[in-house]
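Student: Take a look at the letters that make up each chain.
2 protein chains.
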Amino acid sequence: MAETQVRIGILGCAEIARKVSRAISLAPNATVAAIGSRSLDKAKAFASANNLPPDAKIYGSYEAVLDDPNVDAVYLPLPTSLHARWAVLAAQKKKHVLLEKPVALNAAEFDTIIEACDSNGVQFMDGTMWMHHPRTAKMREFLSDKQRFGQLKLINSWFTLGVDPEFLEKDIRVKPDLDAQGALGDVGWYAIRAILWAADYELPKKVIALRGPVFNEAGVIMSCGATLYWEDGQIANFYCCFLSHLTMDLTAIGTKGTLRLHDFVAPFEEHEASFYAGTALGFNELVTAWAPQPSEHTVTTHLPQEALMVREFASLVEAIKVKGSRPEKKWPTISRKTQLVMDAVKVSIERGFEPVELGS
Amino acid sequence: MAETQVRIGILGCAEIARKVSRAISLAPNATVAAIGSRSLDKAKAFASANNLPPDAKIYGSYEAVLDDPNVDAVYLPLPTSLHARWAVLAAQKKKHVLLEKPVALNAAEFDTIIEACDSNGVQFMDGTMWMHHPRTAKMREFLSDKQRFGQLKLINSWFTLGVDPEFLEKDIRVKPDLDAQGALGDVGWYAIRAILWAADYELPKKVIALRGPVFNEAGVIMSCGATLYWEDGQIANFYCCFLSHLTMDLTAIGTKGTLRLHDFVAPFEEHEASFYAGTALGFNELVTAWAPQPSEHTVTTHLPQEALMVREFASLVEAIKVKGSRPEKKWPTISRKTQLVMDAVKVSIERGFEPVELGS
Numbered sequence: 001m002a003e004t005q006v007r008i009g010i011l012g013c014a015e016i017a018r019k020v021s022r023a024i025s026l027a028p029n030a031t032v033a034a035i036g037s038r039s040l041d042k043a044k045a046f047a048s049a050n051n052l053p054p055d056a057k058i059y060g061s062y063e064a065v066l067d068d069p070n071v072d073a074v075y076l077p078l079p080t081s082l083h084a085r086w087a088v089l090a091a092q093k094k095k096h097v098l099l100e101k102p103v104a105l106n107a108a109e110f111d112t113i114i115e116a117c118d119s120n121g122v123q124f125m126d127g128t129m130w131m132h133h134p135r136t137a138k139m140r141e142f143l144s145d146k147q148r149f150g151q152l153k154l155i156n157s158w159f160t161l162g163v164d165p166e167f168l169e170k171d172i173r174v175k176p177d178l179d180a181q182g183a184l185g186d187v188g189w190y191a192i193r194a195i196l197w198a199a200d201y202e203l204p205k206k207v208i209a210l211r212g213p214v215f216n217e218a219g220v221i222m223s224c225g226a227t228l229y230w231e232d233g234q235i236a237n238f239y240c241c242f243l244s245h246l247t248m249d250l251t252a253i254g255t256k257g258t259l260r261l262h263d264f265v266a267p268f269e270e271h272e273a274s275f276y277a278g279t280a281l282g283f284n285e286l287v288t289a290w291a292p293q294p295s296e297h298t299v300t301t302h303l304p305q306e307a308l309m310v311r312e313f314a315s316l317v318e319a320i321k322v323k324g325s326r327p328e329k330k331w332p333t334i335s336r337k338t339q340l341v342m343d344a345v346k347v348s349i350e351r352g353f354e355p356v357e358l359g360s
Numbered sequence: 001m002a003e004t005q006v007r008i009g010i011l012g013c014a015e016i017a018r019k020v021s022r023a024i025s026l027a028p029n030a031t032v033a034a035i036g037s038r039s040l041d042k043a044k045a046f047a048s049a050n051n052l053p054p055d056a057k058i059y060g061s062y063e064a065v066l067d068d069p070n071v072d073a074v075y076l077p078l079p080t081s082l083h084a085r086w087a088v089l090a091a092q093k094k095k096h097v098l099l100e101k102p103v104a105l106n107a108a109e110f111d112t113i114i115e116a117c118d119s120n121g122v123q124f125m126d127g128t129m130w131m132h133h134p135r136t137a138k139m140r141e142f143l144s145d146k147q148r149f150g151q152l153k154l155i156n157s158w159f160t161l162g163v164d165p166e167f168l169e170k171d172i173r174v175k176p177d178l179d180a181q182g183a184l185g186d187v188g189w190y191a192i193r194a195i196l197w198a199a200d201y202e203l204p205k206k207v208i209a210l211r212g213p214v215f216n217e218a219g220v221i222m223s224c225g226a227t228l229y230w231e232d233g234q235i236a237n238f239y240c241c242f243l244s245h246l247t248m249d250l251t252a253i254g255t256k257g258t259l260r261l262h263d264f265v266a267p268f269e270e271h272e273a274s275f276y277a278g279t280a281l282g283f284n285e286l287v288t289a290w291a292p293q294p295s296e297h298t299v300t301t302h303l304p305q306e307a308l309m310v311r312e313f314a315s316l317v318e319a320i321k322v323k324g325s326r327p328e329k330k331w332p333t334i335s336r337k338t339q340l341v342m343d344a345v346k347v348s349i350e351r352g353f354e355p356v357e358l359g360s
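Just so you know, the sequences run in chain order A and B. Counting in full-length UniProt numbering, the first sequence runs from 1 upward without gaps. Counting in full-length UniProt numbering, the second sequence runs from 1 upward without gaps.
Just so you know, these hints were derived from the structure itself, not from any lab. Note that the structure is predicted; figures quoted are calculated from it, not measured. Check before you lean on any hint, since a few could be wrong.
Chain copies aren't distinguished; within one or between two, either way the pair holds.
The list that follows gives simulated cross-link-like pairs (lysine to any residue, SDA-like), each with its CA atoms no further than 20 Å apart [what the hints assert, rightly or not]:
(1) 93 x 45
(2) 206 x 353
(3) 205 x 353
(4) 256 x 163
(5) 206 x 355
(6) 94 x 151
(7) 206 x 352
(8) 101 x 288
(9) 101 x 283
(10) 256 x 203
(11) 256 x 222
(12) 256 x 177
(13) 101 x 301
(14) 256 x 243
(15) 101 x 300
(16) 323 x 272
(17) 330 x 211
(18) 206 x 354
(19) 205 x 352
(20) 321 x 121
(21) 175 x 283
(22) 94 x 31
(23) 146 x 243
(24) 146 x 163
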């Protein structure tokens, strides 16, 4: 291949690593260089089941991946409670970091990751795939168009998942020592990110959690939501849940237009994705029909969004490696804002649904 | 025509009366028997512009319509502040009442209307047209199906309208002496009704208004919202607004299914309407697409929803008139619940966004 191949090592054999290892193979500028697991057998089985390249190194520890000089960057699909330890260590070993979401247990912990990446000059990016779909860029064009969308007023985003009894008992996302943020850290991460994306990453001024969050016996959030308020009057609602049917919605209403889609995190189809845009919508004379009506916009993509994420990450890594560029700050900044809102939701719940002012 | 024609008088020449007078003509069991306005010329102009039947009486006062022995029932499209006076008087004159929404300025005032209807044995129905669309019945089947929808968890409904500067200055819905409930009484009525409909009319236990409602200079609500809480953990969000782009959404999420539509108040098309139902949705193995995906359900209707509303109202009137049936209590009960939630939203705003417990 003509392009440089950024060599990525994978730490752990999590389910999501299957999708991302395929994405690394699909990305034209990246390759899986190594896989490490605490169990060598598990790593071997993963490599063979997921068609890793024959020359990919297979290690029986995470450290071995970080010590491999042929590894440029690592993908970390570990449980959140292990993120700080392994992301910091990866950065110290000068490996660029593609980190699964949620990035950390709280913003303070995330800051240790970012400090390690900064001081070691490595790129950080979180694993929020839909950010990289061309549909997302197309939707941004609509939201940024003052003539078509106007000024943003209301955002609604929710991501709910109906999990099975086994998940509720055994998944890492119900365990306080693994993914302690539960539904908020998992599906909630996406809903909050979508709101921040729609608000062009302007942080809300105030966050108020909804009443009635549901916790499991271990105290992990299974269901919660919040209302977000901006200084200029914008409002957003989000809701996340493991206890209801799979739904992922994003709606943004402006003074002149409305944007909506129902598969913002993972498109219904791999190679094409749609959104609905309405602008200057209205009714016919007797209000017996709409004229005009919202229109559907379909965006096709040769590479799925997870491969586009890897391509973007690898191209930033390559720029640092080959051209001596500085790491792109946009990605860690967005991750940190998402974490800040998550933290504020938790604080609001702890304080009995009181408003929590957001700093920066 | 074979069917009995219920003879309906219209009080006032409001814009909405144009749509409803056409609906009365379209309904097989109703006819416009009279139109009354404070100005005889206006009533004449309305009759001619809207193709009222040649034998429809044209009156220069509302009283004259109520005194006409050939009028069985009245449609009242008057500003809300006049509802109690004219609906009570209509009931006292033994006219059945089809009342435009919002039904009253508050539940106590609505109770005077209902008492008058009850004690005079006349039917009451409010003018919420979408209740009568066959799509609504089809959606109810889905929500009631425990296998497909499961237990209701989350409802979201919002109806926003981007009105023009003239509306903001002159419309009755910005005037404290006419439609004092502003956006809450107008578009908010629909959003609240939709939530109650989805919840099978079980009232929420608690209502908490969102912060940052917008009032015009006269103190009328231009924008507000609230979160509704039920005892069993159900949550609903609603938002209503005159200051953003036309959007009307209803989403209901259960444990096994999701229902959604984007034109619940007034369908995109007059003779067919769709909704999306998803049940047991999920992802393919690597979460690169959905399998299965939500499906679109289209319901066709020969008569538009406003004509179906008139047909339903007229058939209840006819049953009372011809068979001596008792008035159907379902409709005033639903209206009252909608008004109770509206009242609670206002109280929550007045109390600084404190929770308001709902009685009955």
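Student: Which holds for residue 206 with residue 355 at a C-alpha limit of 20 Å: within a copy, between copies, both or neither?
Tutor: both (6 Å within a copy, 18 Å between copies)
Student: Which holds for residue 321 with residue 121 at a C-alpha limit of 20 Å: within a copy, between copies, both or neither?
Tutor: within (10 Å within a copy, 85 Å between copies)
Student: If the cutoff is 20 Å on CA atoms, where do residue 93 and residue 45 land: within, between, both or neither? Let me know, please.
Tutor: Classified as neither: same-chain Cα gap 27 Å, cross-chain 84 Å, threshold 20 Å.
Student: Taking 20 Å as the upper bound on the Cα-Cα distance, should residue 146 and residue 163 be classified as within, between, both, or neither?
Tutor: Result: close only across copies, 17 Å inter versus 40 Å intra.
Student: Using 20 Å as the alpha-carbon threshold, which applies to residue 323 and residue 272: within, between, both, or neither?
Tutor: The answer is neither: 34 Å in one copy and 59 Å across copies each exceed 20 Å.
Student: Should residue 256 paired with residue 203 be assigned to within, between, both, or neither, using CA atoms and 20 Å as the limit?
Tutor: Classified as neither; 22 Å inside a copy, 34 Å across copies.
Student: At 20 Å max between alpha carbons, let me know whether residue 101 reaches residue 283 within a copy, between copies, both or neither.
Tutor: between (43 Å within a copy, 19 Å between copies)
Student: Tell me, please, which holds for residue 146 and residue 243 at an alpha-carbon limit of 20 Å: within, between, both or neither?
Tutor: Close across copies (15 Å), not inside one copy (38 Å); limit 20 Å.
Student: Please work out whether the CA atoms of residue 206 and residue 354 approach to 20 Å or closer within one copy, between two copies, in both situations, or in neither?
Tutor: both (10 Å within a copy, 16 Å between copies)
Student: With identical chains treated as interchangeable, where does the CA-CA distance between residue 256 and residue 163 reach 20 Å or less: within a copy, between copies, both, or neither?
Tutor: Intra 38 Å, inter 10 Å, cutoff 20 Å: inter-copy only.
Student: Could you place residue 175 and residue 283 in one of the four classes (within, between, both, neither) given a Cα distance threshold of 20 Å?
Tutor: neither (51 Å within a copy, 23 Å between copies)
Student: With identical chains treated as interchangeable, where does the CA-CA distance between residue 101 and residue 288 reach 20 Å or less: within a copy, between copies, both, or neither?
Tutor: between (46 Å within a copy, 17 Å between copies)
Violation of the numbered hints given earlier is confined to hints 1, 6, 10, 12, 13, 15, 16, 17 and 21; the remaining hints are satisfied by the structure.
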